[in-house]
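Dock chain S against chain B, hints included.
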Amino acid sequence: MAHEYIPIFIFLAVAGAFPIVTLIAAKLVRPESPFKEKLLPYECGIDPVSDARGRYTVRFYIVAILFVLFDVETVFLFPWAVRFRQLGMFGLAEMVVFLALLIVGYIWVWKKGALEWI
Amino acid sequence: MNGGFSEFFNRNDYFLITPAVLLALFGCGILLIDFLHDTRQKFMNALTALVGLSFVAYQLIRIQNQMDAVQMPELAGLNNSLLVDHFAIFFMLVCVAATFISVLISVRYMEIEHENHGEYYALMLFSLLGMYFMITGMDLVTLFIGLETMALSGYVLAGFLRGDKRSNEGAMKYFLLGAFSSGLLAFGFSLLYGISGSTNLQTIAQALGQRSSGDPLASLALLTTVTGLLFKVAAVPFHQWAPDAYEGAPTSITGFLSTGPKAAAFAFLMRILLVGLAPMRDSGWKPMLIAVAIVTMTVGNLAAVTQNNTKRLFAYSSISHVGYILLGLVAGNETGLKGIAVYILVYAFMNLGAFTVLVALRHGNVIGDEIEDLSGLFFRNPGAAVMMLIFLLSLAGIPPMAGFLGKYFIFLSLIETGHTGLAAFAVLYVAVSLYYYMRMTVMMFMREPVEREPLTLSPGIRIALGLTLAGTVIIGLYPEPIIQLATSAILR
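Taken in order, these protein sequences are the chains called B and S. As numbered in the working numbering, residues 4 to 121 make up the first sequence, in order. As numbered in the working numbering, residues 24 to 515 make up the second sequence, in order.
Please keep in mind that the hints were generated in silico from the structure rather than gathered at the bench. Everything numeric in this text was worked out from a predicted model, so none of it was measured. We treat Cβ as the ideally placed atom computed from N, Cα and C, and that holds for glycine. Any given hint could be a false lead.
Some chain S residues flagged as far from chain B (calculated, every beta-carbon gap over 12 Å) [said to hold, decoys possible]:
| id | residue |
| --- | --- |
| 1 | L55 |
| 2 | P239 |
| 3 | L246 |
| 4 | H386 |
List time: in silico EDC-like cross-link candidates among lysine to aspartate or glutamate, alpha-carbon distance up to 16 Å [said to hold, decoys possible]:
| id | chain 1 | residue 1 | chain 2 | residue 2 |
| --- | --- | --- | --- | --- |
| 5 | B | K114 | S | E142 |
| 6 | B | K115 | S | E138 |
| 7 | B | K115 | S | D61 |
| 8 | B | K114 | S | D61 |
| 9 | B | K115 | S | E142 |
Okay, chain B solo, but in the shape it has when bound:
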């Protein structure tokens, strides 16, 4: 029973040791000459103007949430499309129900104006 898990423990050990070993090896091998411009966060070559943790409009969140919702829909559609013949009419009916529920949500979101960037 227990020996079935030995590969997992080996994997864990290797995965844990890898970053430590590489970091230490890089530290030993690389030349070190830090200066201010080099340590700046890279922002398309322009000097950064503000902190990354600033406030930005809540609309981004709405867009992000809607994107996740309708993106997950595609995740479900893909395996269904691959196994379409095996699932048959029942699979089609189930997917229609699933899509109908999503379309209700889509119409609701649209009518509520969540897709408008005011």
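Showing chain S alone in chain B's frame:
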């Protein structure tokens, strides 16, 4: 009912999920039809919801009749992940009734708050949909998804007064602690799955039965699962979210949260404890429940005494009622389980009745959630004051009212199983509870009203008062049919 659509889904499965299908259809329908109504027609959404709820109740009774027709105590579906028995039908009907009354009392209240949106009623139906799977589920995954569907709708409903700071704060606390407790529960479920290799409650019970009593893994699974469950029913020491959530939520939703989801949460708790964790009763969850019930009654009753906000007061009173209901599980015999069923049914009526009166107080700038807002209610609307008195007496458990019946069976079951000390303790706290209920009565009958003008009641509130009063008084005076119904609804 043979034949079917596929090997995974047959006619029987469809028949058993029709109540949920109806709720989903009506909920989505309300969301869409809402766009066609202008602001003055929003009450139509409530009517749609009421029609939907009636259909669901009818469908539940059809399922019950089908069960009787084939002479089966239960109907299983969806590969045994769903089990509809008399217990499930009973609790689901309580939830439907609670939702029905909550919809009735919401219309005028939400109009005054200018938050009369269709989503409000749709969310109530979605919440009820979740309750259906919490009550009928036999599989950890089904149960958990039902719980989350119910809870997520509840969080939004609690925060529905977007302009109100308290509503936002209450909803946030409710959400954070709800998410935390769901996580705990999911952890317990994962351990149960690890022990048994199955998500089915009956298989889990078999696997747990083969373990020795002090098994550490099983003990950890028990501890996390029971803690998660106690969070959901707001038992002390896992109750902190309840007063804030109840205070901030719209009053109609406070009434809803303290009855419908609570009934479902108890059905959920009983299903898991009495089926899945049944082998761990005597050495496992029974001592835990005894301790929790004692602390819950103590904190609930004593904290309620000092409250000046009626919604907070009812939150603590509802916590103390949870303590009494848990005692029925401690006894665990037939009388105790019957007592829980009766108690939850009666509690739904009397508590929603009291909340109906509180909702009726909302007008103009008066929110009606301070205890002073009740002052002189008798002179402003004698009928409402007398009904409130009846609900309060019933909540305290005074004999001619229905509330007595629930307490009677719970205490009787404790005495039958030899927990006389616990019974005496519980009776003592009834005296404490009488104090804070009567404090409200003193306000209503013996104080001068702050406002002179009489209080008018909207049609929805009148119907709700009629229903809850009928439930509280008729069950109290003629309990026989309800007792029979509850006896048939014992979880076996």
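Quick rundown of the hints versus the structure:
1. L55: About 6 Å separates L55 (chain S) from the closest Cβ of chain B, which leaves it inside 12 Å; violated.
2. P239: P239 (chain S) clear of chain B: closest Cβ-Cβ about 18 Å, beyond 12 Å.
3. L246: Nearest chain B Cβ is 26 Å from L246 (chain S), so the label holds.
4. H386: holds (30 Å)
5. B:K114 / S:E142: Since the Cα atoms of K114 (chain B) and E142 (chain S) sit roughly 13 Å apart, the hinted pair holds (cutoff 16 Å).
6. B:K115 / S:E138: Holds. K115 (chain B) to E138 (chain S) sits at ~15 Å (cutoff 16 Å).
7. B:K115 / S:D61: holds (14 Å)
8. B:K114 / S:D61: holds (14 Å)
9. B:K115 / S:E142: Within the cut-off at roughly 11 Å; holds.
The structure fails to meet hint 1 from the earlier list, while all remaining hints are met.
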